[in-house]
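*Asks:* Sequence:
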Amino acid sequence: MTTKFPSLGGSNASGNDSKYFQTTKKGEIHELKEELNNAKMEKKKEAVKKVIAAMTVGKDVSMLFTDVVNCIQTQNIELKKLVYLYLINYAKSQPDLAILAVNTFVKDTQDPNPLIRALAVRTMGCIRVDKIVEYLCEPLRKCLKDEDPYVRKTAAVCVAKLYDINGELVEDQGFLDMVYDLLGDSNPMVVSNAVASLAEIAETSEMGQKVFQINTATLQKMLAALNECTEWGQVFILDSLALYMPNDGREAESIIERVTPRLQHANSAVVLSAVKVMIKYMDLITSQDALKALYKKMAPPLVTLLSSEPEIQYVSLRNINLIVQKRPSILAHEIKVFFCKYNDPIYVKMEKLEIMIKLASDRNVDQVLMELKEYATEVDVEFVRRSVRAIGRCAIKLERAAERCINVLLELIQTKVNYVVQEAVIVIKDIFRKFPNRYESIIGTLCENLDTLDEPEAKASMIWIIGEYAERIDNADELLESFLDSFDDETPQVQLQMLTATVKLFLKRPADTQKMVQDVLTLATQDSDNPDLRDRGYIYWRLLSTDPEAAKKVVLAEKPNIADDTFTLDPSVLDELISHLSTLAAIYHKPPSTFVSGRTRSVPTLGAGRMDLDDDLDSDANITSDMMVSGSEGTQAAPPPVPAPQVVDLLGGLMDDEPVAPSAPAPSHGGGGIADLFGSPAPAPAAPPANAAKVVLPADRGEGMQVRSLFISKNGSIFQQVTIENHGQQPLSGFALQYNKNSYGLVPASPAALGQVIPGPVMPGQSATGNMPVVCNGPMADMKGVVQMAIKNNVKVFYFQDTCDLTCFLSADGRLDKGDFLNQWKSIAAESRSDVHGLPPAAENVDAVCAKFEASSIFFIARRKLPDGADMVYFSVKTMNGVVMLAEVGFRPGTGTASISIKATQPQYVGLLGESIQKLLRG
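My numbering puts the first residue of the sequence shown at 9, with every later residue one more than the last.
A couple of the hints might just be wrong.
[To be verified] Below, in silico cross-link-like pairs of lysine-lysine (DSBU-like), each with a Cα-Cα straight-line distance of 35 Å or less:
#	residue 1	residue 2
1	LYS153	LYS169
2	LYS792	LYS567
3	LYS67	LYS153
4	LYS598	LYS792
5	LYS804	LYS523
6	LYS424	LYS334
7	LYS305	LYS349
8	LYS153	LYS41
9	LYS598	LYS349
10	LYS598	LYS516
11	LYS702	LYS749
12	LYS424	LYS442
13	LYS886	LYS804
[Unchecked claim] Simulated restraints on C-beta separations:
#	residue 1	residue 2	range
14	THR530	ASN779	36 to 44 Å
15	ALA298	GLN272	47 to 55 Å
16	ASN235	ASP370	52 to 60 Å
17	ASP370	GLU479	28 to 36 Å
18	ARG258	LEU874	38 to 46 Å
19	GLU489	ARG412	19 to 27 Å
20	GLN501	ARG258	52 to 60 Å
If you are wondering where the hints come from, they were derived from the structure by calculation, not from laboratory data. Cβ coordinates follow ideal geometry from the N, Cα and C atoms, glycine included.
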């Protein structure tokens, strides 16, 4: 079989080109040199084809650069294409020699053949060499005004490529205005390429929207070109229209009317881009009749997308998932389309299942339940689990259908299929949370299947049910005791539920469960190495010891209501993703900023938020020193955030070996003697200074080893300063340290990092200190700044925890320019606000405070004075894993108070930043 390579011979190539990809022979380079300099055109062409073939398979043929470039002087377009292809590949490695071809480029841009003119300007744009850029300007200017539309459309794209190499040159030469003029070109392909070029430049330019501003005139030209350009030209135009904000609902309806025919296009990208424009503009349409008419038009094209191959179905379903969250009415009557087929791939089934739940309503829930019940008999275990869980989610979402969902779940339990039963138990627990005291009659059926439970989540759910309804289950103590025998072998999830359920049972039936609660608390506090389990055990211990009535209020408190918010996006994130329909962001369900760096796309918003700035920032003299901010005065302060619990101090007090006399007598309890049984609570020790290495593992808990810890930042790197003091009688060595999941993803740089900085041995009475390097690429969990650790030495393993201040985790490149700051502040709706009282006089010196903030990588952006004399100062920070946060600090002279407002698209660090700012103000 022979393979043809059309690229080697152009569109007219024929014959067998595989001969060019044969193994290298000795002296081949010398032969190629001779053939490239042959007078016969056919010989030259053959030689260039061989060079391109060698280049394609990764061979280095850069030594033939001069010989290949000499072949560029030809009227044979096929040979010229090949030489240009070689130039694009090797110009970077041979920039000085690449200049030799400039004269030919310039000459070719004046060739009578428009294909050669376009080829020349395209190649010059692809050669990313600064020395050639200045020679490209004049030929490009001519091609942008060329009489042939093919040349103009090629030149328009070339401007975007040139801007990526040297943006200032493009702006100085006026190329942006020339491309902008092409939006009014008579040829629709030229218009679409001009739109694509300007949109590309706008994404990478610091000027953002100023590069590409759509006005009424350009809008009409783009809409006119929409019907006649190619499918990808239509996508470029539609994506740009999605960034345009109409003046009113009438204009929005007019544009939608012009865009609606694109819904019938065969290309799914065009359909989704048209849907994106329509959904964006619907926010401006107030007429319900007009919206209903649009819904009817949009539903059939979206349904049609699901008749494509599975890969396109998946992409369509991920986009439809967002559309359904934003506008569920569009597909409210099309739920049958999302019923799974037997031959659907599993990834398509999972997406359809998710959309079915979102579209489920009282009107169609019976159909949905029949489908889900059928899915629960499938062979794919994961799909069955998701189907059973979907039944529970329908029950939580639709109160009227909850009983029907329960009945279906009971039918599935009767099948006695192990994984079906376990998943049913899990979802019934959630239904009990949603509808307490309503469906408890089925608990007996659940208890009959207790022996079949072997998965941690199912066990934990069943234990929760037993503990929550212990007063209604006669043999609740026996059921819990069946789990007690294997307590040590269970997962932390099951152990935690077992602990809580036993305490609930004791508070409800104290007379006959006192021994059980004592056994469980002993297992949790003395025999367990899990810090979470020990902490909860000691908290229950102290509650039961001091005030059983308070324990009832805490442990048996009414549970907050739950809702089906699984996979539901925050409204602000959803709006951003709707702006990126038909892109990777809509498939990942993540904003582009989370997985693409260095490219931002500003989307116009209707509301200006709390910050209102003059549109033309460059012409506003105030922007150099002040921010024109409106809305700060009269804003009602939100409640201050709840401070993070002092977990280290609490543990230190609770785990003290010596009992301390209580400050007040312990209340008596009907169960008898619980206070005597557990002893009196010990007070928590005073908190150590925030900026000092504090004791995180006392010597009495470390069996002679005392550990001090402090997180510090040096030259953009994070270190944990660890001090090990030996208060015992034997040398300590073999140190190793591990972290649990934490707020920052912090982990030691290597498993043996502590042993490298403190190699040991540490003799009795001595201490050793080392700065252990730490990186932030580990697993993350929202631990409120707490880092749980395990330290190992030659004796055993000990557990402790420390707090890491957010300022240790801040990057040195967190300063935003004012324009970016303003755009981000406007685009983020959620805001955390708190007030700080009792500040020292030094905190009123704004300049000194700003300098202190800068030293901690909290970067000053701008400052302004309010009429009442208050200073509003703006800062930006960036964490080492790329999370950007914005802060507004308001200083009130003479009052000792300040206000702190923080915004971030990823709010997990907002509270920690607020605490860090407060520490700096108070320090």
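*Asks:* So which of those numbered hints doesn't the model satisfy?
*Replies:* 3, 6, 8, 10, 13, 15, 16 and 19
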